[in-house]
Amino acid sequence: MLSRYGFDGAGARIADEALQLLAAPNCPSGIRDLLLMPDQMMLQIHESIGHPLELDRILGDERNFAGSSFVTKEMFGKYQYGSALLNVTFNPDLPEEGASYAFDDDGSEAHKHYLIRDGLLERALGGIVSQHRANLDGVANSRASSWNRAPIDRMANLNIEPGTSSLDDMIADIEHGILMRTNTSWSIDDHRNKFQFGCEFGQLIEDGVLGAVVKQPNYRGISASFWRSLSAVGNQQTSEIYGTPFCGKGEPMQVVRVGHASPACVFRNVDVFGGVR
Amino acid sequence: MSEVSTSSRDTAFDWHGHFMRLADEMMQLQSSGEFFLLTLNAEQSDFIRFNAGKVRQIGSVSQGKLTLRLIEGARQAYSTFTVSGDLEMDRPTVAQALDALRTGLRDASDDPHLLFDRSQWARSTRRTGTLAEPGALVRAVAEHAAALDFVGFYAAGSMARGFASSSGSRGWYEIENFNFSWSLYAPSGRAIKSSYSGEHWDYGLFAEKLRRAAERLPMLSVAPRALEPGRYRAYLAPEAVRELLGSAAFSAFSARSQASARSEFYKLHTGETMLDSRVVLTENLDLGITPGFNEDGYLRESVPLIDAGRSVGQLVNARSAREYGLCPNGAPASEAPVALSMAGGDLADSDVLTALGTGLYVGNLWYVNASDRMNCRLTGMTRFATFWVEDGEIVAPVDAMRFDDSLYRVLGSELERLGAQPELLLDDDTWGERATGGMKLPGLLLRAFELTL
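Chains as they are written, first to last, in my numbering: chain A, 1 to 277; chain B, 278 to 730.
Errors might be hidden in some of the hints.
[Claimed, not checked] What follows is a list of derived Cβ distance ranges for each label pair: (1) Y114(A) - S627(B): 53 to 59 Å; (2) V255(A) - R395(B): 47 to 53 Å; (3) Y114(A) - R502(B): 38 to 44 Å.
[Said to hold, decoys possible] Quick look at which bits of chain B chain A covers, simulated, 3 or more residues with Cβ under 8 Å: (4) 336-347; (5) 371-385; (6) 635-648.
[Unchecked claim] Here are some of the chain A residues that sit facing chain B, going by a computed Cβ distance under 10 Å: (7) N26; (8) D190; (9) I222; (10) G250; (11) D271.
Treat the hints as calculated values from the structure; they're not laboratory data.
In this text, a Cβ means the ideal position worked out from N, Cα and C, and glycines have one as well.
Please take these sequences and the hints and turn them into a complete structure.
Right, here's the structure in full:
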């Protein structure tokens, strides 16, 4: 188990990276192509695809706290959420992922479904109650954090399907960019649109070659346009499984475990910046 | 509607008596050389969620969670488990937990950072409130919020925190209170958020708060002001200040975070920088909103944190004290303040818009997180009541904007005035259980606040 999650040999690697970051300059500011590795893609999926597609948010239940969504009921089946390379699935069938189950807490049978196919928004993250209220197709995702909370619409395993690009090809295809990984900061508006995320480790890419390490790399964007700038999706070899045990939502608050698998991905022309000099 | 107000104490479960009996049981069960620390978190709460002026979900939770720590020499083990409130059921549960901990201790290594209080003390706080009966509250919402797009959450009931140890120390904190927050949405999708919290429910006051919020709704239908990224003169209302300080305070006042160079206020604590000399922050136990003892058995007193803009103290938990050679001051394990109090200034609420002149009135902030921890730079969003003000008059709502600015600027170079009447904001968190604590904060008038997106 620990080996699968990269613990073997990680101590020496992390120590080396810590020393690199101590000596590294701050991430430069400007517009760059952004190569996000799976451990940061996890957060990008979670905040700007997962939460916006929760049907109870779209129905307004969360407007007093967690917020609403830039997605409306009318968008399903019509809205181009991302570029044609974007394929997002709800997949509770993967035993190695953090939120797999056969039935949700309303008793609905859980199966894999495409939420976004070829960039087109198809299906919401809504359990049987929300599906009935919204008259939309959903998934089996009505979950309660414990006996003392009522089930609400949650993410479970929400994944990006692998594409065809190798990591080397993606890097080689970037003229002026940056690789980022390992999340340190996250913030997004209550409609899940304007976001700013920070990472621990950045590495500049110039003319298709990985170069200098930079510290405190941050980027910001708007969900509705960010996913349309997706220009490359890594193949299965670049894909990794992550997740978080601390997805919070609801009144009263509920914390549940979610899983996110993703390949490395490239986004064009992203606003990138670093820490205070 | 006086017939619908009632104290829940008459019907609430006697967690105090139950906990003290379990503590007595532990005194009997402990063996020579063993030392136990026993804590209880319990509540009896009603929850009601509203959407579009109707009840969306409703529930009632009665729960108690016991944590038993067993210490022998320099080794310790602990177990957290729910208790039923039935002594005949809970006695064997506690005994089983004790047996399991004894077994675990056999294989445990010494804990180099173990420190706990061995003195004997007793401290008790018990306050009875006047709470709304849930059914009547729903009818009141239906009456007063008719025709409004009302979204809200009501949480109320009793909360108890208990402590007992082998030395005979006994701590008890039990209150009844309520926390009702709601948002009124305009057709534009913008909203006014309000809250009403306290220990004595008053239907008239609730109706008045709701009426005042509804009066502000028409302003949300005015065409919003689109702002370009840049620095703007701004007033942050106390709720917005809570988001800023609350996010930083997860580790900004922690002795452990400071010792490991991860504190947002690292440079402040080392004396490398200072805040405006009017900034005074205290972990203020005198507010009476949090237990006066912690899980390590230490009594808690108020702790001055920032005085005249300079760091004068940190929150030191027992483990940090042992690890870094400090003196514990009763801080909880998180070393985050739970009763943070900020001194007020000279800006009366009635003068806020005039003093702001032209700029941003920020009612609420949202999803604040560090963007550059060592420089105490935070990012987040404006939310709910954020308005553009010209010549002391609100002229338009402002669409949600992202900010990215440093608390060293907000509480330092850019701080123009502090509100004269700090507002008590009770913690409304419900992570697994209703939270105690809160903050008492003034609004802040800033010369500049940086918006980025």
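Tested hints:
For the pair Y114(A) and S627(B), the supplied restraint of 53 to 59 Å holds, since their beta-carbon distance comes to about 56 Å. Between V255(A) and R395(B) the Cβ separation comes to about 35 Å, which falls outside the hinted range of 47 to 53 Å. The hinted window of 38 to 44 Å between Y114(A) and R502(B) holds, with their beta carbons roughly 40 Å apart. Evaluation of the coverage hint for the stretch 336-347 of chain B: fulfilled, as 3 residues show C-beta separations to chain A shorter than 8 Å, against a requirement of three.
Closer than 8 Å: that is the beta-carbon criterion, and the stretch 371-385 of chain B has 0 residues meeting it against chain A, so the requirement of 3 is violated. Using a Cβ-Cβ cut-off of 8 Å, 6 residues of the stretch 635-648 of chain B lie near chain A, which meets the minimum of three, so the contact claim holds. At a threshold of 10 Å, the smallest CB-CB gap from N26(A) to chain B is about 9 Å, leaving the interface hint in force. For D190(A), the interface hint holds, the least distance from its beta-carbon to any beta-carbon of chain B being 5 Å, beneath 10 Å.
Hint status for I222(A): holds, given a least beta-carbon distance of 8 Å to chain B, under 10 Å. Hint status for G250(A) relative to chain B: holds, with the closest Cβ pair at about 8 Å, below 10 Å. Look at D271(A): its Cβ gets to within about 8 Å of chain B, closer than 10 Å, so that hint holds up.
Comparing the model with each numbered hint stated earlier shows that hints 2, 5 do not hold.
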